[in-house]
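*Asks:* Below are the chains, spelled out letter by letter.
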Amino acid sequence: MNRPEQASEHFGRGGYLLESAAAWLLGLLWILPLAYAVWTAFHAPEFSTRLELGAPLTLQNFANAWNAAPFARYFLNTFLLVSMILAAQLVLSTLAAYSFARFEFRGRDFMFFLVLLQLMVMPDVLIVENYNTMNVLGLRDTLLAIGLPYFASAFGIFLLRQTFKTVPRELEEAARVEGASALQVLLKVYVPLAKPVYLAYALVSVSHHWNNFLWPLIITNSVESRPLTVGLQVFSSTDQGVDWSIITAATLMTSAPLLIGFLLFQRQFVQSFMRAGIR
Amino acid sequence: MNRINLQHQVTGWLLLLPAMLLLLAFTHYPAVATLWHSFFSTPKGSRPASFVGIENYQVMIDDPVFWQSLWNNLYFSLGTIPLSIALAIAMALWVNGRIAGRGFLRLSYFTPTVLPMIAVANIWLFFYTPQYGLLEQITGFFGLPSHNWLGSPSTALGALILVAIWKEAGFFMIFYLAALQQMSPVLAEAAALEGASRWQYFWRVLFPLLMPTTLFVLINALINSFRLVDHIIVMTRGGPDNASSLLLYYIYQVGFSYWDSAYAAALTTVLLAVLGTTAFIKFRFLDRRTHYQ
Numbered sequence: 001m002n003r004p005e006q007a008s009e010h011f012g013r014g015g016y017l018l019e020s021a022a023a024w025l026l027g028l029l030w031i032l033p034l035a036y037a038v039w040t041a042f043h044a045p046e047f048s049t050r051l052e053l054g055a056p057l058t059l060q061n062f063a064n065a066w067n068a069a070p071f072a073r074y075f076l077n078t079f080l081l082v083s084m085i086l087a088a089q090l091v092l093s094t095l096a097a098y099s100f101a102r103f104e105f106r107g108r109d110f111m112f113f114l115v116l117l118q119l120m121v122m123p124d125v126l127i128v129e130n131y132n133t134m135n136v137l138g139l140r141d142t143l144l145a146i147g148l149p150y151f152a153s154a155f156g157i158f159l160l161r162q163t164f165k166t167v168p169r170e171l172e173e174a175a176r177v178e179g180a181s182a183l184q185v186l187l188k189v190y191v192p193l194a195k196p197v198y199l200a201y202a203l204v205s206v207s208h209h210w211n212n213f214l215w216p217l218i219i220t221n222s223v224e225s226r227p228l229t230v231g232l233q234v235f236s237s238t239d240q241g242v243d244w245s246i247i248t249a250a251t252l253m254t255s256a257p258l259l260i261g262f263l264l265f266q267r268q269f270v271q272s273f274m275r276a277g278i279r
Numbered sequence: 001m002n003r004i005n006l007q008h009q010v011t012g013w014l015l016l017l018p019a020m021l022l023l024l025a026f027t028h029y030p031a032v033a034t035l036w037h038s039f040f041s042t043p044k045g046s047r048p049a050s051f052v053g054i055e056n057y058q059v060m061i062d063d064p065v066f067w068q069s070l071w072n073n074l075y076f077s078l079g080t081i082p083l084s085i086a087l088a089i090a091m092a093l094w095v096n097g098r099i100a101g102r103g104f105l106r107l108s109y110f111t112p113t114v115l116p117m118i119a120v121a122n123i124w125l126f127f128y129t130p131q132y133g134l135l136e137q138i139t140g141f142f143g144l145p146s147h148n149w150l151g152s153p154s155t156a157l158g159a160l161i162l163v164a165i166w167k168e169a170g171f172f173m174i175f176y177l178a179a180l181q182q183m184s185p186v187l188a189e190a191a192a193l194e195g196a197s198r199w200q201y202f203w204r205v206l207f208p209l210l211m212p213t214t215l216f217v218l219i220n221a222l223i224n225s226f227r228l229v230d231h232i233i234v235m236t237r238g239g240p241d242n243a244s245s246l247l248l249y250y251i252y253q254v255g256f257s258y259w260d261s262a263y264a265a266a267l268t269t270v271l272l273a274v275l276g277t278t279a280f281i282k283f284r285f286l287d288r289r290t291h292y293q
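The listed protein sequences derive, respectively, from chains A and B. Counting along the first sequence from 1, when you hit position 30 you're at 30 in the numbering used here, and nothing is skipped either side. Counting along the second sequence from 1, when you hit position 231 you're at 231 in the numbering used here, and nothing is skipped either side.
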């Protein structure tokens, strides 16, 4: 974004207008479903199918949705869930990434291969066996059961390993000479230098697990452990019949924290996703 | 010297241990257990699982719903991936260029990515609703007959493909944007000096240079198309008549509606084989270009 592009200066203006029109058409089409949802959520039900510009705005749909299901509890559950997963991921990935980046031990390459496998074969598809495991552990229907399969993140390990490898070894050696232990070196030298990567990873992880649905749907069974996504599905499939205004309001409400966060920190979001994607 | 080396090795292992144990417990063990359990019967009540050889696979070969889900998944991948990649490239070029209103366009393209798939599915469910939905109102405005997009076997899968494209194109745009921003402006200048048109510049210069990104996105898109079924659960439940059932959705149904865990294990083995093949292709062929060191 800091280097506005090139091509349009060098190749004539003829196609430029046409392309602008196409870009805008696509942009409008892309925002249309969301705009329609916002319209429905902020207007009385009789306007959900009548697009009148002067229609009065209302927050009643949100109030109705909030009172119709334990959304406060769902918000709390999701908040606890993503915090727990992120904390575990940061600690475990940091330790493992440091090991892969700076230690030479027998079996390292094979272990790294095992880690990379998780990029392809993720817990998301191993629902039947992981359900059995949680049953055996007696963890079914708990927040811990939702998060546990995601604590060790191949993506996090890989991303941090790449970052740690770029840290000059001299910095580590200097700290070692002063008598720092491996853990101290990790905390004082490596972690501070990787801050932007941690931020990027955190944003990606939080938005991923805020949105996760299938596994929580399977493993939870009560209000006490349901995250927002599952709560929303239970709410909109059973309680409401076809009151679209309320369902849409609930839908926007559950995505609101991410959406608002995205609107406020758009640049950071986009750059984080970029940073996490470059390999 | 040897003692230091030993200590070095032990520290390396200890740092790795916590993550590795969890990985083994929730990724590698269940993958292997899936294969193992697919050769047994489903335990029922007091009757424990017994070895049945390849019986589950024989059932699978004769199961029309399995084949339909697999084919649906293939159509779903073929329907979503090329189109969302093409759109992602176009979006990235536009957002990276000097088009008026770039800020709005980037926002509009990328926002669906931030939304939970389940929210997206709810929004589109309303969008597609017969009689009330916006789509019906638009087609009705042009005097077209009413159509139940999600309720007819011929359009249900297509309607879901559209939702997936809407959700994913903006996500893939990010990777292209990252790649474009690392390209030297000299390339465009040189191409213009040589008298190349913008079209030629794209196909002869940009597109080949974007190839590593395209391969990376391709693999991710392929995995996603086999991994994500949230929208199926919300919008069609695999229906009507299994017309929109995908492989993972069928596994979910067999495993948690019919509670036939052995058959679900056999189905999961197929899914793992698909993902494993993808992984093999990626590690074997693609990673020669993008290096992990």
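The set of hints was computed from the structure by calculation and includes no laboratory data. Since we're looking at a predicted model, the values are computed, not measured. Hints are supplied without guarantee of correctness; some may be wrong.
Cβ-to-Cβ under 10 Å is the rule here; a few derived chain B residues that face chain A [said to hold, decoys possible]: (1) Val32; (2) Phe39; (3) Gly53; (4) Ile54; (5) Thr129; (6) Tyr132; (7) Ala221; (8) Leu272.
Glycine included, each C-beta is placed from N, C-alpha and C at the ideal position.
*Asks:* Taking the hints in turn, state whether each one holds.
*Replies:* Each hint, compared with the structure:
no.: 1; hint: Val32; in the structure: holds (9 Å)
no.: 2; hint: Phe39; in the structure: violated (14 Å)
no.: 3; hint: Gly53; in the structure: violated (20 Å)
no.: 4; hint: Ile54; in the structure: violated (19 Å)
no.: 5; hint: Thr129; in the structure: holds (7 Å)
no.: 6; hint: Tyr132; in the structure: holds (5 Å)
no.: 7; hint: Ala221; in the structure: violated (13 Å)
no.: 8; hint: Leu272; in the structure: holds (6 Å)
Violation of the numbered hints given earlier is confined to hints 2, 3, 4 and 7; the remaining hints are satisfied by the structure.
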